[in-house]
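Asker: Okay, here's what each chain looks like letter by letter:
Number of protein chains: 2
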Amino acid sequence: MIVSIIGLGLIGGSVGKRLKEVGFADLVLGVDLSDSNCAKAVELGLVDETVVYQQAIQRADLVILAIPVDGMTKLLPAMLDAIDEGTTVMDLGSTKEQICQVVEGHENRKSFVAAHPIAGTENSGPEAAFSSLFDGKTGIICDAEKSQRSCYELAKSCLLNLGMHIIEMDSQSHDLHIAYVSHISHISSFILGQTVLEIEKNEANIFNLAGSGFASTVRLAKSSPQMWAPIFKQNKKHISKALGAYIDNLAAFKTLLDEGEEDAMISCMDNANEIRRVLKGIDSKKRTDSPIKEEVV
Amino acid sequence: MIVSIIGLGLIGGSVGKRLKEVGFADLVLGVDLSDSNCAKAVELGLVDETVVYQQAIQRADLVILAIPVDGMTKLLPAMLDAIDEGTTVMDLGSTKEQICQVVEGHENRKSFVAAHPIAGTENSGPEAAFSSLFDGKTGIICDAEKSQRSCYELAKSCLLNLGMHIIEMDSQSHDLHIAYVSHISHISSFILGQTVLEIEKNEANIFNLAGSGFASTVRLAKSSPQMWAPIFKQNKKHISKALGAYIDNLAAFKTLLDEGEEDAMISCMDNANEIRRVLKGIDSKKRTDSPIKEEVV
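Here the protein sequences come in this chain order: B and S.
Here our numbering is used: the first residue of the first sequence is 822, the next is one more, and so on.
Here our numbering is used: the first residue of the second sequence is 822, the next is one more, and so on.
In short, the hints are calculated from the structure, not lab data.
Bear in mind the structure is a predicted one, so any value in this text is a computation, not a measurement.
Virtual Cβ for every residue (Gly too), placed ideally from N, Cα, C.
Among the hints, erroneous ones may be present.
Partial list, computed: chain B residues near chain S (C-beta under 10 Å) [said to hold, decoys possible]:
(1) Gln-879
(2) Ile-988
(3) Ser-1010
(4) Met-1086
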């Protein structure tokens, strides 16, 4: 099978490397606007060769889109115009509603599978790619009923070969819940990084005094602005609501602090402690539907 | 040397275990209000034996305080009243200004060393203790000039034996800078955990959709409220200022989001990205002043 990957950054590069390693793809073709990314991706073995866009979508059995989400909504309709029958297109964007909307009603809508691998790091570019990025993580397929069965199965098999377990939901629910659980974390972290850099004029103090707790909390502040701004924009409605709730809760906590309401602060933190139970679930997430051990390795 | 540790949680327990392992202490005595913590600490080898408070401070060469900071300000003056000449007292609290204030002018002030190891995890209690907790981390000694030279040297040697490198500053500066770099991260994380739990009524969604980014950002929300509330209260002035700046920046970002100002969002995140450079410094922090390799192992 020939897989073409559009966008050779952290996500696209990691997909290519893994699909080559496990033999899911016989040939991985890569496309990237940046010549340097293309050269790096070949050098690092993330793809077999890089080609021009037209070749990539003509030769591929499966085209995987791994570019910023604003690029996806621009590119997808024309891509579905151009593909041959029998080609499957899957996107890996962090928003799903607008992406599904732009292909709604397209005559080749059935060739498209909307997916979101909940995997990533704060690093970007082909140098950041590694083949185990998706191991044990959740892969979401949205609006599955709008994809042709064969395309859905191919896309699902690809995600399983990446090491993921699969859940399905509609694209609106995806954007709502992912705003709370993923997108808002990134804003929290970006703005914490910004605030500490602004308020702590002497960087040596940050260097000397920051512990692992600070590093953990601002890790996501290192993420790519070019990737995240379009996500925030596409999921504005839900993120704005979540961010508003976060700001209100912070302001309420500040009032408790300013007024010396220690018991109320403790009660608020006790509630937050509940996240431990939920995160324990995350840590021990089962991979029951991943056939990676039996079928691939 | 006999070391007594008051408070056998994550910090006190980890100190005991390490000081026994490296031979800095010939005997480690432990004190805790909780009988179950006492039993666990002995069972886990964190201390050699547990004793009553009076015995602990009478028999020790070095008394180490590892209890919540409100307990420290209550306990310290009477402890300095009660110690023999030649006994050194060191606290390991996360605030320093009020702790130093309560012993200011005490006739045994010189026997006291104010310290803060920038180390910890989101877990608490003796079961959470481990001897490498402090390895390579920063140990801060405050207002060193107010401690007798021999007491200062003993306390410093203890921190070095824990594996830390030492920096020194005055207690006011400590509280100012640590508010920005540590305390504010905890509030950011507590309130993010609270907000997501409130807004996402179905916990299965958090369980299924949260990735490593969310887990990293809310890790500190698992921290002990009983430990953190007194810290926030004692360092209210600085934390309130930092928290206010954080809220203002979040609100400004929300406005950019709501108004679709993508370029301005990118510019803001670009600034936050600068934290990568600063954190790289953290990751590669040199341990030039730690003699742990030569003297202890």
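Asker: So, for every hint listed, does it hold in this structure?
Answerer: Hint check:
no. : hint     : result
1   : Gln-879  : violated (33 Å)
2   : Ile-988  : holds (6 Å)
3   : Ser-1010 : holds (5 Å)
4   : Met-1086 : holds (5 Å)
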